[in-house]
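For the record, the sequence lines run as chains B and U. Take the first sequence: its position 86, counting from 1, is numbered 310 in our numbering, and each next residue is one higher. Take the second sequence: its position 113, counting from 1, is numbered 117 in our numbering, and each next residue is one higher.
Check before you lean on any hint, since a few could be wrong.
Said to hold, decoys possible - Below, a sample of chain B positions facing chain U; criterion: calculated Cβ distance under 7 angstroms:
| no. | residue |
| --- | --- |
| 1 | Phe347 |
| 2 | His349 |
| 3 | Tyr396 |
| 4 | Lys435 |
Said to hold, decoys possible - Using C-beta positions, here's what the derived DEER-type ranges look like:
| no. | chain 1 | residue 1 | chain 2 | residue 2 | range |
| --- | --- | --- | --- | --- | --- |
| 5 | U | Glu155 | B | Ala429 | 56 to 66 angstroms |
| 6 | U | Glu155 | B | Leu297 | 32 to 42 angstroms |
| 7 | B | Ser428 | U | Val576 | 27 to 37 angstroms |
| 8 | B | Ala253 | U | Val17 | 50 to 60 angstroms |
| 9 | B | Gly261 | U | Arg13 | 50 to 60 angstroms |
| 10 | U | Pro10 | B | Ala253 | 41 to 51 angstroms |
| 11 | U | Val169 | B | Gly261 | 28 to 38 angstroms |
| 12 | B | Asp431 | U | Ala517 | 48 to 58 angstroms |
| 13 | U | Ala588 | B | Asp537 | 48 to 58 angstroms |
| 14 | U | Leu475 | B | Lys247 | 28 to 38 angstroms |
| 15 | U | Arg13 | B | Ala429 | 19 to 29 angstroms |
Just so you know, these hints were derived from the structure itself, not from any lab. Each residue gets a CB set at the ideal place from its N, CA and C atoms; glycine is no exception.
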Amino acid sequence: MATDLSPSAAISCQNVWQVFGAKAPERLAEALASTGGDARRAAALLRAAGLIVAVQDVTFDVREGEVFVIMGLSGSGKSTLIRTLSRLIDGTAGRISIDGEDILAADPQRLIALRRDKLGMVFQHFGLFPHMTVTDNVSFPLKMQGKPAAERRTRALEVLELVGLKGREGAYPRQLSGGQRQRVGIARSLAVNPDLWFLDEPFSALDPLIKRQLQDEFLRLQADLKKTAVFITHDIDEAMKIADRIAILRDGMVVQIGTPEEILLNPVDDYVREFTRDVPKGRHAHVGSIMETPETLPRMPDDPKLQEGMTIDAALAACMALYQPVPVWASNGKMAGVVHPRDLAGALTADTP
Amino acid sequence: MLRTLPPARLAAVLTLACGAICLMLAPVAPWVTKWPAGWTLPATEWIGAIVTAGLEAVKPAARLMADLLDYPMGWATWALTALPYPATIAATVALGLYLGGWRMASGGLAGLGFVLASGYWQPGMNTLALVVVSVPLALFAGAAIGIAAYERPRLRRPVQTCLDVMQTVPTFAYLTPLLVLFGFGPVVGLIASAIYAAPPMARNVLLGLERVEPDIREAAVMAGTTRRQQLFLIELPAAKRQIMVGVNQTIMAALSMVIIAAVIGGFDDIGWAVLLTMRKADFGNSLISGMVIVIFAVVIDRLSAALADDRPGTRLYGAFIILLAGFALSFLVGGLLPPAGDLALFNGLAAATDARLGAFTAAYGPALDALRNGAMFYGLLPLRIGLDQAVLPMTWGVQWTPLASAALFAAAGLAAAGLLWRGRFGWAVALLLATGIVETGIVDLPWPFVLFAAGAMGWVGGGPRLAGFALAMLMPILLMGLWAPAMLSLYLSGAAVIACALVGGALGLASAASPALWRVVLPVCDFLQTIPMFVFLIPVLMFFQIGEFSAFLAICAYAVVPMIRYTRHGLVSTPDEMIEAAVASGATGWQTFREVRAPYAVPQILLGLNQTILYAFSMLVIAALIGTTDLGQQIYLALGQGDVGLGLAAGAAMVMLALLADRLLQAFAAAQKAALGL
Ligand SMILES: Nc1ncnc2c1ncn2[C@@H]1O[C@H](COP(=O)(O)OP(=O)(O)OP(=O)(O)O)[C@@H](O)[C@H]1O
Ligand SMILES: [Mg+2]
C-alpha cells in the first residue's frame, strides 16, 4: 500500500479514522500514543471505553477512472467511510486528498465549490427533496451551479431519459416506487457530470430484475463516461460484476483490497472467504488470473484456443477431456501463457477448506 | 427490617410514618399544619420591587413599541371594519373554497352569516384585527426561535425548557407585567397573545427541522449548497407539514389569548362582550356571543389546518369569481345594505333563551341545587377541608367527633392489614394515605407531610435529582407565603383531575372497545379542543351560578379530552402480534385486555393524565373569573390591582406546581415504559 499521498490517484486516503463519541480526536490520539501507534489495540481501547470506532485506520488509493467497490456487512462502516471521504462528516484522524488536493484543509467555500463542480453522490435512502418534482430534484445541483433555468431543464430531461424515467418528470418523489426514486437519485448525481461519483448502496432497495437492469446501465454509463466511482454494496455478486477493485471492510477495518479475481481466488482470511463462498467462481475468475508464464514451454499437444479473458467456466468447458497443459492466447493473437486444465478445476475449489 | 425493603416500599412506609407523626403533632404544634407567618419571606414585595424597577427601565422602549404597533393594528381594524361585510364574507368563502373545497366554503359562509346576523360583527372584527396583527408576530418570533435552536444545538435544551415553562405560565400572569409596561389598551392583549402563541410555532419548527431525513440534508450539501441555501431551499420546505401544524396551533393560541385578554377591558371586542353579558347574567346574549367565538375558532382552525395539506388548490377560478362578486356587491349596492351592527336578528332568540333558561332553572332549580350541593358537601368539601370539618349537622346530619376520626383510622388500618396480608402492599399504603387525606382535607394537610411525600415520589420515580427538584419547586411556595392558595389550587385541580381520570378513562376505554362510540366522541373531543377556554364558563354559569362547583365543572370539561384520547390510543395501539400471541395462548377477551392491552397502554395513559393535569392548571386561572379562591384568584386579583409582585409570585407558584406534577408523571411513565421494554 502507498505510504505517501500519491498525486496521481483520484482519491487517496491515509490512516483515516472515524470515531464517534465525546472528545473523540483527543482520545484517539491518546490511545494511539499509549499503544505506540498500534491501530488494533488503540481501537480496542477506545471500544472498551464506550466509543464507537466506525472507521479504523483505513488507507487506500482510488485510481482515475476506476470503479472502486467498498464491501462489508451491515454496520461495518461503509456509509461512514464514504461520508468521511466526501467530508459530509469530518474524519477524526487521517489524510484525504481528492485529485491531489488535501480536502481536510479545504475551507467551506472551497468545499462548496468542489461539491458543485466535481462530486456527485447517490444516497442509500435516496435523499430526494420531498417538496420538489422529479425534474426540480434533478436540476437542483445545476441550480446551485448557477445555470440558467432553460439549460437546467434540458440537462435534467437528458439525464432522466438516460435512467429511463422519461414521462415521470412532473411527479413528486412520494408518487414514485422505490426503484424509480433511486433512479431519480442517480440522475440527480449525474446532472452536473461529476468527475468523482460516490454511490452508497444505490441498488440495495431494488428488486432483482430492476437491480440487474440498473447494474447493466451503470456499466454502460461507466464505459461511456469513464468516471471515477466509489461504490458501496454488501452484495458480492454486484461487486464482482461491476468492480475494478474491491475493498473489504470489517468492523471499520480494511481486510483486503484487490481485483474481484484476487478477492475470489486468494481470500486473505475466513471473513473474506465467507463472503465469496457462494459466488460461482468459474463465472467471475478469468483464465488470465491463473495461467503461468514458464521460462520453458511445456509440451502442449492440444490447443483448445483459450483466451486470456475467458472465464474459468468457459475454459473448463473447452478442455473437458484434456490432461496436458494448454496455451492461452492474448487478444492480439500472441501467446500469453500456459495453463494446466488441472489448475483450472483446482482454482474453483482452492478456498474450500 | 427497613433495610431489606425495596426502595419504593421504604419510601411509602416512611411517607406513612411522616403523615402519622404530623397528625399526632398537629394538636400540640400548630406550625405543622399552618406555615407560620413569621417564617414567610416578603418575597412578593421583593419580586414586585425588582421587576417593577426592571419594567420601568424598559418602559420607554415598550411604549415606543406600543405606539409602533398601533399602526398595523389601526390598519387591520380599519380593513376589517371599514370593509363592507359582503366583501369580508366573500373573501372568507373564496379562501375556504380555494383551500378546502365547497364544504369548507359553505361552512365559512354559514359561520360568518351567523356572526353577521348575531349583531356581534363589529366586536368580532375588532377581535380578528388583534389576531391578524399578533399572529405574524408570533409566527415570526416562533420561527426565529425554532431555527436558532436548530442551528445551535447548544441552545436546544435551554430553549425547550423555556418553551415548557412558557406554556405552563398561567395566561393571566402574562398580563400584569404587560399592563405595567404598555398601559391599558388593546396592545397588551396583542403582545400577550403574541408571546403566548409563539411557543407552538417554535416547537414545531424545531421538531420539523430535526425530523428532516439525514440523507435529504446531505444530498443538499453534496449539491454544493451554502448553509443558508440548505436551510431555506431544502430543510424548511421539507419540514413544511410540521411547520404548518405549528402555524395552526399558533393561530388558535393567539385567538384564545386575545379573547382572554379581554378581561383587562377597554376594547370593544368579542371577549369583552361575553364577559359583560356574563356579568349581567344575560345568558341568552353570552351564549350567542360565545357562539361567535366558537365559530371564529372553528372556521380559522379548519382554514389553517387545510394549509398543512399540500394538495395544490385547484378551484382558483371559482374562488376568484366569488371574491369579485363579493366586492362588486359591496361597492354597487353597499349603501343599501343595513350596517352590520343593526343586524341583531337574534335579539328575540336571546330573550327567548333567557326566558327558557329562567323557566328551566325555576322548574329544575331544586334538582340542580341538589346536584351541586351533593357534589359540594359529599365530594369536594371533604376533599378540601377534610371530613373533620366538612361533616356538620347542617349538611351531613351529624357532627364529626374525634371518636369518629379514631374509628375511621382504625377501620382503614384493619382494611390495610387485610390487604397487606393478601400481598397487596401498594393498595394498603394507598388506602391509608387516602384515608388520611380525606380525614384532614388537602388544604389542611401538614406541609412537612406534603414536602416529604413529594420528595419520596420524586425519589422513587427519578432518584435524588427528581427528589431535589420536587423540594426546590415546593419550598419557594412555602417561603413566599402562598402555601394556602397553592393547596387550594392543588385541591381544585386534583378533584378535577380525579373526575377526568375516571370519566375520561371510562370514555376512552369504551371508545377503544366500540368504534361506533368513538365516531361520536372524536368530533366532540375535536370541538372541545378547538373552542377557546373562555367559552367553557358560559354553560356552567347558566346552570350552576358562580361558585366552586361551576369552576370544577368548567375545568373538567376542558381537561377531560386528553384523558379520553390517550386512553383510547394506548388501548388500541397494542401491536397486533402481542394480541395474537395472547389469543393463541388461549386468553379470553377479558384476559387479553387485562394482561396485555392494559399494561401496554399504561405509559400512554400516564401521558394523557399528565396532559390533563396541565390542562386543568391552565383552566384554573380562567376559572378564577367565576369564583375560586386559589392561586388563580390571586393572579386575577393582582391583575386588577396592577400588583406585579403578587401576580408573578402566584404565577410562578402555579408554574412550579404544574412542572412538578409534569416531571413526576413523566418519570413514572418513563419507568413504566422501560419496564415494558419499549
Ligand atoms: N453519527 C453516528 N454516531 C454514532 N455512531 C454512528 C454514527 N453513524 C454511524 N454510526 C455507527 O457506525 C457504525 C457503522 O455504520 P455505517 O452506517 O457506516 O454502516 P454501514 O456499513 O453503512 O451499514 P449498512 O450496510 O447497514 O448501511 C455502526 O455501528 C453505526 O451504529
Ligand atoms: Mg450504509
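Check the structure against each numbered hint from earlier and tell me which ones fail, lowest number first. 3, 4, 5, 11, 12, 15
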